[in-house]
Amino acid sequence: RKEVEQDPGPFNVPEGATVAFNCTYSNSASQSFFWYRQDCRKEPKLLMSVYSSGNEDGRFTAQLNRASQYISLLIRDSKLSDSATYLCVVNVGYGQNFVFGPGTRLSVLP
Amino acid sequence: ETGVTQTPRHLVMGMTNKKSLKCEQHLGHNAMYWYKQSAKKPLELMFVYSLEERVENNSVPSRFSPECPNSSHLFLHLHTLQPEDSALYLCASSRGAGDYNEQFFGPGTRLTVL
Numbered sequence: 001r002k003e004v005e006q007d008p009g010p011f012n013v014p015e016g017a018t019v020a021f022n023c024t025y026s027n028s029a030s031q032s033f034f035w036y037r038q039d040c041r042k043e044p045k046l047l048m049s050v051y052s053s054g055n056e057d058g059r060f061t062a063q064l065n066r067a068s069q070y071i072s073l074l075i076r077d078s079k080l081s082d083s084a085t086y087l088c089v090v091n092v093g094y095g096q097n098f099v100f101g102p103g104t105r106l107s108v109l110p
Numbered sequence: 111e112t113g114v115t116q117t118p119r120h121l122v123m124g125m126t127n128k129k130s131l132k133c134e135q136h137l138g139h140n141a142m143y144w145y146k147q148s149a150k151k152p153l154e155l156m157f158v159y160s161l162e163e164r165v166e167n168n169s170v171p172s173r174f175s176p177e178c179p180n181s182s183h184l185f186l187h188l189h190t191l192q193p194e195d196s197a198l199y200l201c202a203s204s205r206g207a208g209d210y211n212e213q214f215f216g217p218g219t220r221l222t223v224l
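Chains as they are written, first to last, in our numbering: chain A, 1 to 110; chain B, 111 to 224.
No wet-lab data here; the hints were simulated from the structure.
Hints may contain errors.
Straight-line Cα separation of at most 20 Å, PhoX-like style, residue types lysine-lysine; simulated pairs [claimed, not checked]:
1. B/Lys132 <-> A/Lys42
2. A/Lys42 <-> B/Lys128
3. B/Lys128 <-> A/Lys2
4. A/Lys45 <-> B/Lys151
5. B/Lys150 <-> A/Lys2
6. B/Lys150 <-> A/Lys42
7. B/Lys146 <-> B/Lys129
8. A/Lys45 <-> A/Lys2
9. B/Lys151 <-> A/Lys42
10. B/Lys146 <-> B/Lys128
11. A/Lys2 <-> B/Lys132
12. B/Lys146 <-> B/Lys132
13. A/Lys45 <-> B/Lys150
14. B/Lys146 <-> A/Lys45
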């Protein structure tokens with residue numbers, strides 16, 4: 001089993017839709033979790049850190065379920081500018097060993 | 111607007127060349143990282159430095175040699191690379207060495223090995 005897995009996608013949704021992505025991790029000792037977005041041929045940019053039971057930032061909500069070892073990202077009222085690849089990142093609990101998932105591609109259509 | 115810069119942005123080299131990638135962070139961070147991103151594959155962590163000491167080396171071939179002269183600069187020295195080493199090489203930094211520190215990435219160096 002891979003350390004971090006994500007919905008394969010791609011997700012094609014109309015503007016204004018709500019979309020959710022899931023990410024699962026295999027190491028139960030993982031301590032910290034992040035969502036990044038990466039535009040085509042650009043570097044990843046931090047979208048949200050996910051602490052304890054989750055957090056919200058405007059249209060974006062991240063949830064953490066430690067018992068089931070997954071995190072989710074919910075995007076409400078999708079905008080064209082939300083089109084990107086969303087990367088789930090897990091620190092697997094020993095130092096700075098950050099493991100990136102393969103990413104889920106989102107295309108928001110007009 | 112990024113606090114992490116990388117040079118060069120693009121590099122084409124032959125298998126017998128020696129080149130170096132440079133990363134500089136202007137954020138006052140204490141930890142720096144090298145990642146490799148190949149097409150259709152997740153980002154792979156290569157090296158981690160915390161307070162200029164290497165703390166992680168994820169079984170990277172010796173043809174990649176990192177150097178961290180101070181907390182603001184990180185280099186990746188390249189020699190006798192293979193075509194499969196062609197990828198986007200990303201540098202990142204974080205405030206500290208703990209689990210909860212968010213990473214900030216530079217724009218990357220797109221490397222092509224002929």
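Against the 20 Å threshold, does the CA-CA distance of B/Lys128 and A/Lys2 hold or violate the hint?
violated (34 Å)
Please work out if B/Lys150 and A/Lys42 have their alpha carbons no farther apart than 20 Å.
holds (15 Å)
Would the pair A/Lys42 and B/Lys128 pass a check requiring their Cα atoms to be no farther apart than 20 Å?
Judged against 20 Å, a Cα distance of about 26 Å means the pair is violated.
Can the restraint linking B/Lys146 and B/Lys129 be considered satisfied, given a maximum Cα separation of 20 Å?
It holds: about 16 Å lies between the C-alpha atoms, which stays within 20 Å.
Does A/Lys42 sit within 20 Å of B/Lys151, going by the straight-line distance between their CA atoms?
holds (15 Å)
Is the straight-line distance between the alpha-carbon of B/Lys146 and that of A/Lys45 20 Å or less?
At roughly 16 Å apart (the allowed maximum being 20 Å), A/Lys45 and B/Lys146 satisfy the hint.
A/Lys2 and B/Lys132: Cα distance at most 20 Å?
Violated - the C-alpha atoms of B/Lys132 and A/Lys2 are around 31 Å apart, more than 20 Å.
Holds or violated: are the alpha carbons of B/Lys132 and A/Lys42 at most 20 Å from each other?
holds (17 Å)
Does the alpha-carbon distance linking A/Lys45 and A/Lys2 stay inside the 20 Å limit?
Not satisfied, since the Cα-Cα distance of roughly 23 Å exceeds 20 Å.
Pair hint outcome, B/Lys150 versus A/Lys2 [Cα-Cα no greater than 20 Å]
holds (15 Å)
Given pair status - B/Lys128, B/Lys146, alpha carbons within 20 Å:
holds (18 Å)
Quickly compare the C-alpha distance for A/Lys45 and B/Lys150 to 20 Å and report which way the hint goes.
It holds: about 18 Å lies between the C-alpha atoms, which stays within 20 Å.
In summary, the numbered hints that this structure violates are 2, 3, 8 and 11.
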